[in-house]
Structure formats: C-alpha cells, structure tokens
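What follows is the residue order along each chain.
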Amino acid sequence: MRVRNRAFFLFLFLFSAPVFASADERRGDAFVTSSIAEPSNLIPFLASDSASAEVSRLLFNGLVKYDKNLKLTGDLASDWDIEEGGLVIVFHLRKNVRWQDGEPFTARDVAFTFRALTNPSVPTPYGGDFEKVVSLETPDPHTVRVRYKEPFSPGLASWSVGIVPEHLLKDADWPATGFSRNPVGTGPYKLVQWTSGEKLVLRANPDYFEGAPFIARVVYRILPEPTTAFLELETENIDSAALSPLQFKRQTGTPFFKTHYAKYAFPSFSYTYIGYNLRNPLFADKKVRKAIGLAIHKQEIIDTVLLGYGRAATGPFLADGWAADPAIGPSGFDPSRAKALLAEAGWRDTSGDGILDRGGRRFSFTILTNWGNTDRKMACEIIQKRLRDVGIEMNIQTLEWSVLLREFIGKKRFEAVLLGWQLSPEPDPYDIFHSSKTGPGQFNFVSYKNEEADRLMEEARRIFPEAERAKIYHRLHGILSEDEPYTFLYVPESLVALHRRFKGVEPAPAGIGHNFIEWYVLKNERKYR
Amino acid sequence: MKHFAKAWFLILAAVLLGSPFFAERAGAMDFSRILEPPSLSHFLGTDSLGRDLFARLVCGAGVSVGVSFLAVFISIFLGTLLGAVAGYFGKGIDKLVMGLTDLALCFPVFFLILAVIAVLGPGFWKIAVIIGLTGWMGTARLVRAEVLSLREREFVLAARALGAGAPRIIFRHLVPNAARPIVVNAVLGISSAILTEAALSFLGIGVRPPAPSWGNILNDARATLGVAWWLALFPGAAIFLTVLSANVLGEDIGKP
Amino acid sequence: MNYFLKRSGGLVVLFFGITLISFAVIHLAPGGPTDIYSQMNPKVSAEAAEKMQKLYGLDRPLLEQYGSWAKRVFFFDFGRSFRDGRPVTKKIAAAIPVTLLMSVLSLLFILAAGIPLGIYGAVHEGTRRDGVLSAVLLAGFSLPVFWAALLAMSYFGVGLRVLPVAGIHSLFFDEMTFFEKIRDVAWHLILPVSLSALAGLAGISRFMRANLIQVLKENYIRTARAKGLSERKVLYGHALPNAILPLLTLLGLSVPGLLGGSVIFESIFSIPGMGRLFFDSVFARDYPVIMGVLVLGAILTLLGNFLADWAYAACDPRIRLGEKF
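Residue numbers (our numbering), protein chains in the order written: chain A, 948 to 1476; chain B, 227 to 482; chain C, 172 to 496.
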C-alpha cells in the first residue's frame, strides 16, 4: 500500500504538467527574438547567411534533419535505404504532408528542388553537394531514388536542404522571385508579415505534419546593435537574444534579469583558427608552425576574450562529435620549446633587435582578419604580444569581408589569417584540407597537401557506417594536429538568454532550439495574445 | 571660454609631445585586470584587454588630431587653390569649378565617405584623405568670393602691370588677403574632421586597431556599455572638449 | 521663368555628374558583392561566387556597366538588389518615409526652438544671459551626437526605463487604433529626433542670433525706431522678417547633414530608414542599392536647395525671378 502510494505520487509529480495543461491549453503567446541582420532570402538554398537560415528552418523541411543528439533522422522522409553499396539512396517520403497553401507534398517537389540546386542560373551556394548525383528518379509520389557517381556518405546529410514547392516555383524567374519574400513551405510556421529592417512575423501552421506548434507566433526583430538588443532584453521587449560573453557574465546578475530570464551556454558549431599560407617560405617548415602554436597561450585568449566561455580547439571537428579523437589534446603553451623549435629551424636573433632572423630576413609577418569582429581583433592583439615574446613580429590587418575573401584569401595574397569555420554535424573536411581544393577561391587556401590525409578523406567519403568513418577521421585528426596547417585556437560557446515563461525547453547537444515546436507558455504567464 | 579653449589646446600639445612615452604603456596588457574602473594605478580605468585607458587616450590623441589636421590641410589647400583659380580667371574656368563645387555639395558627405571607406577599407591615411577630399567646397566658395572682390583692386592691377604672372598674383597678393576667413574655416574644419573620424571609428570603420583613436576606443565602449562607463565617458569627453575648443577659437578668430 | 529654365539646364548636367560619381565611388574599388553576414561556410562553394558575378553582369567592362545603369536610372529604374532581388526603388521607397519623417520633425523642432533662442540671444546681446546661452549652444554644437545618443540611450532607456530605445513602433503596432499608433510612434521618436535636432538647433539659433544682431544695426531699423515705433513692433515687424530669410538657405543646405546623420541615428536606434539601408548595403556590397541611395540622396539635397531658393525668392521682394538684378 505504502509503496503503491508513493508510486502514485511519483506518477502525479511526473505527469502533473500535462494533466493541468492539455495541448489546447498550451497554445498561444508569441516568442519574440532578435536577429542581428535582416534575412536576405527565405528560399532555403539561395541564402548563405545565418539570419535567413534561422527563419527558413521554421518555414521549410528537408528530407532529413539532425535530432537533439545530432543524429540524422527523417524529416519529410520517414526513412531511407542505402542500396548498391552506397551508390543509391532511396528516400521514403511521408504521406499526408501538405504545403501551407493546401497542395500535397510529393516526390515531384523533391525532384524540382534538385533541378533548381543544379541549375546553372540559380545562384545557390549549395550546389557542390549535389555534383556527385548522377540521376534522381521518382518511381512513385512518395519515393525518391538518388543515384551517385560513387558512394558519397556526406550526401545523405546534404538532403537536409529545405524542399520547395514545384507548383509555385516552376515558372520562377531566379533569383528575383517574389517567393523569397512570400514563401510557402511545409514547416511548423508560415510567414505572415515581413517589414524590411524591422521584423518578420511567423504564425503557427495548424496543419503541420508533426502537430501544430504551441507558440502561436514567432517574431524576429531585426536589431543590428548587440547593445540595443541587450537593452531590449532588459526592458522585456524581446524574449531571447544571443549575448556577448561580457553581457553574459557581468550584466545578467541583476535580480530582475535572474527572475525573468534563464541563461544557456553550449559549445557553438564553429572554431577559430590561425591558417598559414603554406606556400610562403616562412611557414613551409612544420617546426615554425608548431612553434607558433606553442607560443600562443590559448587558455589566456579564452579567459580574456571569451571570459572563459569557450574551450581550446584541437581540430576541425565538432568538439564532442563522433569524428573528433578525444585523445588529442590542444597543443600546450610552452614558449621555451617554441624558441628551441625556431632555433632548430634556423631562426636566431643575430641582429639583437629582439626579432629573430634567418639569412638576413626578419621573422615578421602580417595576420589578416575580418573587421567588425571584436573577439577576433582582441585575439589577434593577444597573440601579437605572445609572439613578440618569442621573437616574432606579427602585424594585424583587419579587412572588410568581401575584400578579405576575394582579394587576399581567394588570390592567396596572405601570410596568415585568423578566421573561423562554421561546422555542421556532418564532419567531412574534404573542401578545406584536400589537396584538390587549392584552386583560386577554393577553401583549401592554405594549400595544405598531405597524401595520407588526402587518401583518408577520400576513403571516409565512400563509407557509410559512422563507427568506421570515425576511425578514419580520428587518424586524420591526428595528422592535422601533427602537421599543424592550422593552429586551432578555440571553440566559443553560444550564449543565450531566454525568457522564463517558456516551458518545455530541453538543452541538448544540438542546443535549445531543436524542440521549439514543443515549447509552450502557461495561460496565466502569457504576455501576448 | 577662450582661455579655456587655449588651455585645452596647450594640454593637447603637451599630450602629443608626451605620447611617445606612453606608447608602451598603452600597449601593455594585463589580463588579470580587465575592465577595471578608475583607480590609483589606472586613473581612468582599463579596457577589455587590461590596457590603461589614460595611456590609450594619450596615444589616441595623436591619431585623432593627426587625421583631422591632415584632412583639413588637404581640404584647405584644395579649396583655396580651386576657389582662387575660379575667382581669378572667371568665365569658363569659374563656371567649371563652381559647377564641380555644386556637384560635390549635392551629396550627403557622410554617405560618400562611408561608401569610399567601405570599399577601400579603413586606415589612417585613407580616412584623412577622404575627409579632406570631401570638405573643400566651403573654402572654395569663400576664397572665390574673396578673390572676386579683390581682383580689380589697385594693388592687383599694379602687380599685373608690373608683369607678375597669375600664380604669383594669386598666391602673393590675393590669397594672403583672404587669410583670416581661410584660417577660420581651417579651425572649424578641424572640429568637423575630428567628429567625422570619430563617427567613422564609432561605426567600426575608422582607423585600424590596435592603433588607438578616440573614436576607436569609443567603439570598444559600445560593446561594454553598462559595464564600463569609463570607456564611454572619457574618450567622448576628449572629443567633445577638442571640438568645442576648436569651435571657440574659430569663432574668436572670426570676430572682426 | 527664364531663371527656372536656366537652373533646370544646370540640373541635367548636375544629374549626370551625380550618376557618374555614384557609379565611380563603388566600382573603382577591389572586392565584390558577398554576404557579410555569412560566416565562412565550407558549404558555400567558390563556383557560387563566380556564378553571381556573371549573373549580375559584373564581368563586363566598366563603361558598359555604367552606360546601361545610367540609361535605366534616367527612367528611375535602379535595378534589383543583389542581396534579396527586390527592386531598389521599392527598397528605398520602404525606407525613405521614416527618414523623411524624422528629418522633417527635427527640422520643425530646430526651427521652433532655434528661432526663439536666437531672438532671445540677439535681444539680450552682450548680457550675461546671452553669454551663458551662447556658451551652451556652442557646446551643443560641438557635442559628438553618437556619444550623446549612447549616453542618453543608456540613461533614459535603461537607467530610467522611460523611453524606448529601438525601432519606431511597438511590437504589435498593426493591432493598435489610430490614436494609439500616433502616440506609439511619437513615443519612439522622442530620443532620436531630439538628439538629431541637437546639433542643428545650436547652429540655427547661433545663425539667427548673428543675423538679427546684424539687422538690428541697419539704417531702416534706426529709422523705424526714430519714427517712434515700439520696440516690439520694430523687432517683430521689421527686423525679424529680414533676419529669418537667410535661414531658408541654411535649411536647404542642412538636408545632406540630416541624411548623413541618419546613418548614425538609425543604426544606434535600430530604425529601418535610408541611413541604415545605406549602411547595410555598403557592407554587403549591394551595388544597385548603394548607387540608388547616393543618387536619391543627391536629388533630395538638390530639391532642398531648390525649395529654399524658391521660398527665398518668393519671400524677398528684392529678388525678381527672371529679371536681371
């Protein structure tokens, strides 16, 4: 009896929330968030900016998506088969999915999206993922067969690209189509209003195939100034904002903030690094690169620039992802070893000016970074000081993005850069480190070439099972760490404040947004209609 | 006011002379003391890399004042030259130069500067040159009017009769007679150039870091607003006082 | 009428110059259109950038690009934005009302406060009060506005929480009644408008004061006083109209300043106007929008000058249009 009683209370405790708040009770309120920039285009495969991606994620679905643990799972496809040793992927589409205008979603839409992705007059940045596709067939309205030239494991994840409706776009005039501002998707929300420079308003899609989301409206307010966004947070005019480390650490301690907002910190999907131009004689020698790595005190950068909200990066993979080898640590801070390595490489201070030299050339170089990014600028300034301690003179030049990319990186007119890469859960680093990707404008701009690394990256692309790919990537991780074409610096944390009235938030490796459609606000706590 | 302005410029001059001695201190980082409020050891506080704000303001003075002086030199030189040439030669040349002036006056100057800086990238010299190139129109109009009223006067006619060439007449006789308004324009120009540089740096496209300029430091202050008031207050006050002093002096010189 | 014709002829030449400069400023520099907001993303391939270049005709010779652009501009077609494919005219049309509203409001504010202050100063010329007022105005004139905005924003917006700090209306503005809307917009505009008026206010009242002092020394004022008119009548009936006229020119000239200032205010207060549109476009290398805003800004300036001249001529009996004087 007593046991049963306890179980009963436990039962009550566990399930009381759903009992008192039925699904209908949870529907309502608005989630007002801030975006630092205006989305450029809501067609999922036309935009490369994060503002567009964030909004179009709620409007469209891909065939597959990442779940909260960063595993691929079905989205518009309920499941898939990999056939003929990886040459063919067969997607089985969900039935009863409708576009927001009521038309049924079918395999024809997938075929249409594929044709747009590979159409030379469609300016999409994502076409590269689909170059290896030989053919796409739709044997019936709910099956899609994709055939690849060779087995291509990163291909599966590429189908997370948002699928667009054929019936609305077949006569579209790319890219200047009205659809990009009046999109119709399959997603949990539909766009109802877009006031340029001000806000986007999304409304819950009652017919969403996973069930209508609880929060009735989502508003993206465009607030380009992080300071303004924070002020709006402090006056409860927005419900959520990305915070700077300084705001997160020093400005959120007020009783007001604590009672109204919850703070979340999780590793971001990115890393910051120094890339060396390996064609430059200065950096051709591995010893020099390793010496620079040892001369930089990564933790000090993390503590000062990120105020501790970050960790040292060890390689080009998601820090906790399956591709990273957990045994590989960051290169330590050891200035005396750095000096010894530089001496081995022939760099000595013969002129007595405090700067090393070799054959009459002083060890002086310029590092480029994009301006407008305070964190990177600060990191550069700290590194400048540390390198000076081992006898290297580093100048800092900050350049505007497009100039930096086109004139300096694209044309390889640089000595070193301090930049960051965005990561996705699909780890394939082929574009960044394979020796075939060193052409003008391609992403192996440091001109890294290592035959073993090349072979490993090619092999990993042909294998589907994650455990086997992981083994290969672990080896690649080791090689990159040993060769040090990049000095991996840090992985910053994403810092977010969220209003406490939102319930159902579930932090996971994917962050907090993964179950957004399940968030809700209790009736008595609602702020908006 | 006047004495205050003069005193501030004297202080600035002293600061400029002393700035090399502060260069090292301005660059010295102390990560254990980031964003500290004013204290005895850092009497204007420290910035987000633990550098001494006072030392950075001292070094920044050189950059801010340097940019504006250079810009004003360019704009005064251009404006005087164009205005004098237009006024002296008249007719077609006058029409051409004044047409050019009208054209340049059509543009919201800040838009132009912003566009050029954004495409060329920021930097001490670029900013100075661009502020200079977009600021000559007032001087040109003024000098032209002055020259127009002077060119038929006896001393000019006499010089011409003696066989003096146009450049000689312009620069030996006409321009010196317009010296006072030119100087007034220059002093006021300095105040507006300092403001423009600061505004550009404030928007994040000014002089390149780590070189400190007042506007740059103020830009850093944007990120720390609400945490480090001293980073916003002191550089802003330095800009304000300098601009105010230049305006006071300009007004004073301009008094007949 | 001759006067207007002559000016119009000049306008055509000016217009040509404006398009030339707007084009040159952007195209003679390195770099090209990319999306600055995108982080470097390995999924964005290099081929994509080239594709964009071709699509937007950026690979053709400059002169050719200018020719086709200028031809279209003549018919007020500025092309489409690189960033989102919308027509530039549409983007500008959406952004310009806010900027104009703010400019007009701050001009009104400047006049409403600046003229009385100027009169006060002139009437009390040389007194202690005049001295203090002059000093305060000069200080206002010298204040870096962005700095003032930053301080005001953190004080009124955060410290006291009495004024909104971002945007021009509240979130669900569309659901408000007409009067609520007006109140809401006014509430949001208090800080940006009064701050942007600050510098202009000081300038206008200083100018007003100097003018009035000048006019008060004229012979006809002495005559009027000698006639035995009251000081009030002398001031408001005779001196003031003559002192106010030159203000018109100054107002016309203040248009570019207001537009330039809009960049700063609109970015600090997150207001979606022309200044912000320009600022964002500059960084995205959105050539069509940049050129469009430059041309339009210049046209607005011209229009301002033109209106000022016209008003001046209409008010001042000494200027008879079309006649030699």
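What the hints contain is simulated information worked out from the structure, not anything from laboratory work. Mixed in with the good hints there might be a few duds.
[As the list claims (entries may be wrong)] Pair by pair, the computed Cβ-Cβ distance ranges are:
no., chain 1, residue 1, chain 2, residue 2, range
1, A, Gly1460, C, Ala264, 51 to 57 Å
2, A, Lys1117, C, Asp248, 26 to 32 Å
3, C, Leu279, A, Gly1200, 57 to 63 Å
4, A, Thr1182, C, Met347, 56 to 62 Å
5, A, Gly1386, C, Leu279, 57 to 63 Å
6, B, Asp478, C, Phe349, 36 to 42 Å
[As the list claims (entries may be wrong)] Residues of chain A clear of chain C, computed beta-carbon distances all greater than 10 Å:
no., residue
7, Glu972
8, Ile1029
9, Glu1050
10, Thr1124
11, Ser1127
12, Arg1128
13, Thr1142
14, Gly1144
15, Glu1145
16, Lys1146
17, Ile1169
18, Phe1280
19, Lys1332
20, Tyr1475
21, Arg1476
We put the beta carbon where it would ideally sit given N, CA and C, even for glycine.
We went through each hint and held it up to the structure:
no., hint, verdict
1, Gly1460(A) - Ala264(C): 51 to 57 Å, "violated, 35 Å"
2, Lys1117(A) - Asp248(C): 26 to 32 Å, "holds, 27 Å"
3, Leu279(C) - Gly1200(A): 57 to 63 Å, "violated, 43 Å"
4, Thr1182(A) - Met347(C): 56 to 62 Å, "violated, 19 Å"
5, Gly1386(A) - Leu279(C): 57 to 63 Å, "holds, 59 Å"
6, Asp478(B) - Phe349(C): 36 to 42 Å, "violated, 52 Å"
7, Glu972, "holds, 22 Å"
8, Ile1029, "holds, 22 Å"
9, Glu1050, "holds, 24 Å"
10, Thr1124, "violated, 7 Å"
11, Ser1127, "violated, 6 Å"
12, Arg1128, "violated, 7 Å"
13, Thr1142, "violated, 7 Å"
14, Gly1144, "violated, 2 Å"
15, Glu1145, "violated, 5 Å"
16, Lys1146, "violated, 8 Å"
17, Ile1169, "violated, 7 Å"
18, Phe1280, "holds, 27 Å"
19, Lys1332, "holds, 26 Å"
20, Tyr1475, "violated, 7 Å"
21, Arg1476, "violated, 8 Å"
Hint violations for this structure: numbers 1, 3, 4, 6, 10, 11, 12, 13, 14, 15, 16, 17, 20, 21, all remaining hints satisfied.
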